[in-house]
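A.B. asks: Listed here are the chains, written in short residue letters.
Number of protein chains: 6
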Amino acid sequence: MAGIVVRTIERAPREVIDGLAACGVATVHEAQGRTGLMAPRMRPIYAGARIAGSAVTISAPPGDNWMVHVAIEQLEEGDILVLAPTSACEDGYFGDLLATSAMARGCRGLVIDAGVRDVRDLTQMGFPVWSRCVHAQGTVKATLGSVNVPIVCAEALVNAGDVIVADDDGICVVPRADAAAVLEAARAREANEESKRQRLAAGELGLDMYDMRGKLAEMGLKYV
Amino acid sequence: MAGIVVRTIERAPREVIDGLAACGVATVHEAQGRTGLMAPRMRPIYAGARIAGSAVTISAPPGDNWMVHVAIEQLEEGDILVLAPTSACEDGYFGDLLATSAMARGCRGLVIDAGVRDVRDLTQMGFPVWSRCVHAQGTVKATLGSVNVPIVCAEALVNAGDVIVADDDGICVVPRADAAAVLEAARAREANEESKRQRLAAGELGLDMYDMRGKLAEMGLKYV
Amino acid sequence: MAGIVVRTIERAPREVIDGLAACGVATVHEAQGRTGLMAPRMRPIYAGARIAGSAVTISAPPGDNWMVHVAIEQLEEGDILVLAPTSACEDGYFGDLLATSAMARGCRGLVIDAGVRDVRDLTQMGFPVWSRCVHAQGTVKATLGSVNVPIVCAEALVNAGDVIVADDDGICVVPRADAAAVLEAARAREANEESKRQRLAAGELGLDMYDMRGKLAEMGLKYV
Amino acid sequence: MAGIVVRTIERAPREVIDGLAACGVATVHEAQGRTGLMAPRMRPIYAGARIAGSAVTISAPPGDNWMVHVAIEQLEEGDILVLAPTSACEDGYFGDLLATSAMARGCRGLVIDAGVRDVRDLTQMGFPVWSRCVHAQGTVKATLGSVNVPIVCAEALVNAGDVIVADDDGICVVPRADAAAVLEAARAREANEESKRQRLAAGELGLDMYDMRGKLAEMGLKYV
Amino acid sequence: MAGIVVRTIERAPREVIDGLAACGVATVHEAQGRTGLMAPRMRPIYAGARIAGSAVTISAPPGDNWMVHVAIEQLEEGDILVLAPTSACEDGYFGDLLATSAMARGCRGLVIDAGVRDVRDLTQMGFPVWSRCVHAQGTVKATLGSVNVPIVCAEALVNAGDVIVADDDGICVVPRADAAAVLEAARAREANEESKRQRLAAGELGLDMYDMRGKLAEMGLKYV
Amino acid sequence: MAGIVVRTIERAPREVIDGLAACGVATVHEAQGRTGLMAPRMRPIYAGARIAGSAVTISAPPGDNWMVHVAIEQLEEGDILVLAPTSACEDGYFGDLLATSAMARGCRGLVIDAGVRDVRDLTQMGFPVWSRCVHAQGTVKATLGSVNVPIVCAEALVNAGDVIVADDDGICVVPRADAAAVLEAARAREANEESKRQRLAAGELGLDMYDMRGKLAEMGLKYV
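Chains as they are written, first to last, in the numbering used here: chain A, 5 to 228; chain B, 5 to 228; chain C, 5 to 228; chain D, 5 to 228; chain E, 5 to 228; chain F, 5 to 228.
A couple of the hints might just be wrong.
Identical copies carry no separate label here, and so any pair may be met within one copy or between two of them.
[To be verified] Below, in silico cross-link-like pairs of lysine to aspartate or glutamate (DMTMM-like), each with a Cα-Cα straight-line distance of 20 Å or less: (1) 145 to 22; (2) 226 to 81; (3) 200 to 14; (4) 200 to 215; (5) 145 to 100; (6) 219 to 81; (7) 200 to 212; (8) 219 to 208; (9) 219 to 182; (10) 200 to 22; (11) 200 to 188; (12) 226 to 212.
Just so you know, the hints here were simulated from the structure itself, not pulled from any lab data.
Chain A on its own, in the form it takes in the complex (with noise of 0.2 Å):
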């Protein structure tokens, strides 16, 4: 069933993926009712970078990246390139020259369930990766996989055009068609967190801002 590259997609509307990507991740993870996350093994190459992008998909075999050229024709502006490896992997799948390629098409940055390299030249070029590892092994170009179908990346379950929200703590993925509801939630969480922020700041217990107390001595908590 490998073989098949979907042309078009929909894309969520392009403020609301602005503003996921400034929420963060764990922000859009917890609006969204916590779900779509992936799993840890999944690190940036370098510290700081916070984007949000509509994801183009690659599901390819292991060790072979062809798809990847396939897959940068389809990318528009703001897209994050998604792959997963149809067998788990650590080769490098993607290094600076694919990514130069990439930004010329104004992709945002790749998160791939396998490995990456180059990536000093990536740091220098501000291109963010997620990765389950760095690995300089390439990779050939013999067979077939598929672009833009659904995957599964790092454990998440990824359609084409869904919105990728990546930063420090990790990559979550928003059904497109549920992103400018999951905004709304997210805006509203941290305009609460604010006020939240200041209180515990000042030095009020969490104890006494959520109302704990009753709870926890009904459940039995002994001080002793």
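Guided by the hints, dock chains B, C, D, E and F onto chain A, whose structure is given.
C.D. replies: Frame of chain A; chains B, C, D, E and F shown alone:
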């Protein structure tokens, strides 16, 4: 047996604790006979922090951070939170709001054999964390754990009030009652190391400085 | 069969070694036919170092660093220490004193499929290390190993005198006898990459630049 | 978004399901284009079981098996329970009491990306389980999850009613709508394999039987 | 602090120990409030063994089994050896000769957070072992450890004389002083489970038997 | 450098190979100075097999088993296939059809640092396999590897024609040229072990039999 909060714990003298921080983990660990080290899966969220403090321990159910709120009330100036889940868990138990609250009470950092989130904020706040992983996955507040009971954290036993020393090399637990003696041994070790460092920098070999050649020959080492 | 120190090893020419360092791991690895790469569990203790040198190999028992002292005597200017334990071990075999001694003899760095400690000091000293982990756990000096015998380090075969190339992408082993030829191939590859980089940056697609469309169609790729 | 129980799910015809069981995981996986396989960390608690059934899915919080009780009410004869925790967890969610209850409702087995316990009893009862690990650590009943919603289990997407095929080789998910077609393809594959098996047993080489020599030579394979 | 052998340890009464063995790990673990369980990386070398005994503890350097010989002299009829290396190690510390010696002194089995070898012989001898792995890699006898000191084994604290219960579900540590009370609780739990088992086997749902429906509805569970 | 098949390899004498099988992995490994052992991640698909044979080596790309067909043609009676992927891979490279073909040519088993499938069939056929995992995920035939070149398999160096010894304890590689000498040493070791076993079974302590008490006291062991 969960559901206990021990309110009163003994702590080591502040100047002993601060002395241990200055020595660092590797030296302290050697000085107390190579005991008390946590497993190397524990990593700092940013490089360069070196702290020591008295342990306020938390035993928490998987995916439930309710007891962190309870523990924060037990914090005194100079303490360090130490959390072990009752079974292996990578959830993000702790983020910037809890850090704000803990800092307001004088907490010096967190050691957690689970996940942490909001690491960009925590880094900007200068709140150091050593954790098993970074993960945006949140937790619930539904089940009791305990505070200031003995825990095994990352394969080390921690009693409330033990001195926790943490830096880029990892985390070492110094039993409260041994803290002064360990500090003395650590300082002696440091003094001794400085002269060795100078001799080695000048080109003297460890083989000669430590007088190893005879023992190696006796054990049968052959140069070919 | 432990207990052997080979005193005399052949090394590649200095200018070849330095040339390989300049090319970096990913390029060198490709240039020698994708062989000789260590496993991606090996990570640098700080970002940005890129070195090459002649391997002085150490086969050490688990938790015993005695042979590091023996190996340091065998170092020449421009060498790199490469240590593999005889069974998997995460102990910190190496710290700032050994680094001071190794640097005094011209050592360029350490590759160790085990743990390292004093990483803050090593970073300040500018002594680069690639390791399996960071761990303050020390070692003993009780059992013999060997120096400059062939070892398997992080799944790569290393003979004494082989050229080790290491950077943020990992570590590649170049057999001494192949070093000049690999350098030539690596430089050719670099020259070739620069023109590709410019074309890709200008927006040309890899699909066209590498003339892939026909082959993909022939393999059955379908655009839908 | 937790807290949902979908009561009515569609199932594939019983004879299709049983046909898929007879083909086994490796054949079914090939027959549906190498998709739908769970990760190899999933292992049977005893060797030799080979089952297929309709998935009743469970999304459960870490360390909380409340939803298993809810799911058991949704079981029909021939179903298989499939549980994915919302974050990685090794707790023993399931033991002999739950198995007794599930078997009373016709359940054929359990697939769980977490832990299981009472494995000696389960083995004696003939209730097959594929799990991430065996662990006596129990769970609580404090937080809601969902039943019969789509889940990602061991890196495979599972919708309620999908056909689960499991044996010593692992677990494969067949989308309900594809089940009949996949069975047909699997049987064709089996028929084809039998004749190959006989030719290979008689000493014919795969190189000849699959006519590979020309292609290998063309790719540049060299015999020396 | 290594180099200590504690000769005299207290043990729980034999009938209490044997009673705990009969209850099994999962029941004992529940009965003592879900504490004392070792990590699930510990696995039996063969299925079906279920033992309990008094812990004779060994703290051993990585790759060094000298202290096993020392510990064997401390064994009494009905004891279990429990070994934790001072840093993570997969070496095969124990084989058929040591098992022969331990059995001659009445030892019931071995729990080791490291490797074991000669597993075919051990299986034929009926000497059960729970270990982190099977590995033929041998060890040396060069460095001291300690016997009958407190250790952390597979993330559980073990004091000499504690009761170790081990079966296919894992290993549970029962503090010596609690053993009788835990046995009583475990037996009560077993009695209670039998009636539940019969009701569940007859088709009664856990939802009804445990009266969960009201609580689930109150928490917001929705059937759709 | 892929794409090479070495047709002619030297093998050790059959009676030496069979003698090594009879000694088993743990004894052979000790007899050759504790070298040549593969990592403990390699496990047999069923218990009880003990084999030795001459290595026919395969270096294969990740997810590509084409070279297995090529290697089978190179098999002689008594050989063992040894496969290492060029980067870490868990795919099932080998199943019952390939086993049928290999057995028809006298192959005694497979050692593979990757996955295997059809394990129920392989068990019934009595074809032993040691692998990194069991996984139904299939492979392609698109890229060249090499046969009978030196490989690193599970962290051990294997040259074609080396003697592979495998049993429940793991896999040991004996260099062809050393095989006769290693067999002699292994048999001497076995003879020596039998008398020790009898003395230990009679209750003599290792402390006395190996005369360890003086050395332990000298090292500072304290009985308290």
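A.B. asks: Have a look at residue 200 and residue 215 and pick one of within, between, both or neither, based on CA distance no larger than 20 Å.
C.D. replies: Answer is within; shortest intra-copy Cα gap is 13 Å, inter-copy 38 Å.
A.B. asks: What label fits residue 200 with residue 188 when the C-alpha limit is 20 Å: within, between, both, or neither?
C.D. replies: within (19 Å within a copy, 44 Å between copies)
A.B. asks: Pop the pair residue 219 and residue 182 into one bin, within, between, both or neither, using alpha-carbon distances up to 20 Å.
C.D. replies: neither (34 Å within a copy, 30 Å between copies)
A.B. asks: Between residue 200 and residue 14, at a C-alpha cutoff of 20 Å, which is it: within one copy, between copies, both, or neither?
C.D. replies: Neither: 37 Å inside a copy, 31 Å across copies.
A.B. asks: Between residue 226 and residue 212, at a C-alpha cutoff of 20 Å, which is it: within one copy, between copies, both, or neither?
C.D. replies: within (17 Å within a copy, 31 Å between copies)
A.B. asks: With 20 Å as the alpha-carbon cut-off, assign the pair residue 145 and residue 22 to within, between, both or neither.
C.D. replies: Classified as neither: same-chain Cα gap 34 Å, cross-chain 31 Å, threshold 20 Å.
A.B. asks: Is it within, between, both, or neither for residue 145 and residue 100, if the alpha carbons may be no more than 20 Å apart?
C.D. replies: Within one copy only: 17 Å inside a chain, 29 Å across chains, cut-off 20 Å.
A.B. asks: How would you classify residue 219 and residue 208 at a CA-CA limit of 20 Å: within, between, both, or neither?
C.D. replies: within (18 Å within a copy, 32 Å between copies)
A.B. asks: Using 20 Å as the alpha carbon limit, work out where residue 200 and residue 212 are close: within a copy, between copies, both or neither.
C.D. replies: So residue 200 and residue 212 pass the 20 Å test inside one copy only (12 Å; across, 41 Å).
A.B. asks: For the identical chains here, do residue 219 and residue 81 meet the 20 Å Cα criterion within one copy, between copies, both, or neither?
C.D. replies: neither (50 Å within a copy, 28 Å between copies)
A.B. asks: At most 20 Å between CA atoms: does that hold for residue 226 and residue 81 within a copy, between copies, both, or neither?
C.D. replies: Close neither inside one copy (57 Å) nor across copies (24 Å); limit 20 Å.
A.B. asks: Please work out whether the CA atoms of residue 200 and residue 22 approach to 20 Å or closer within one copy, between two copies, in both situations, or in neither?
C.D. replies: neither (25 Å within a copy, 32 Å between copies)
Hints 1, 2, 3, 6, 9 and 10 from the list above are not met by this structure, while the remaining hints are.
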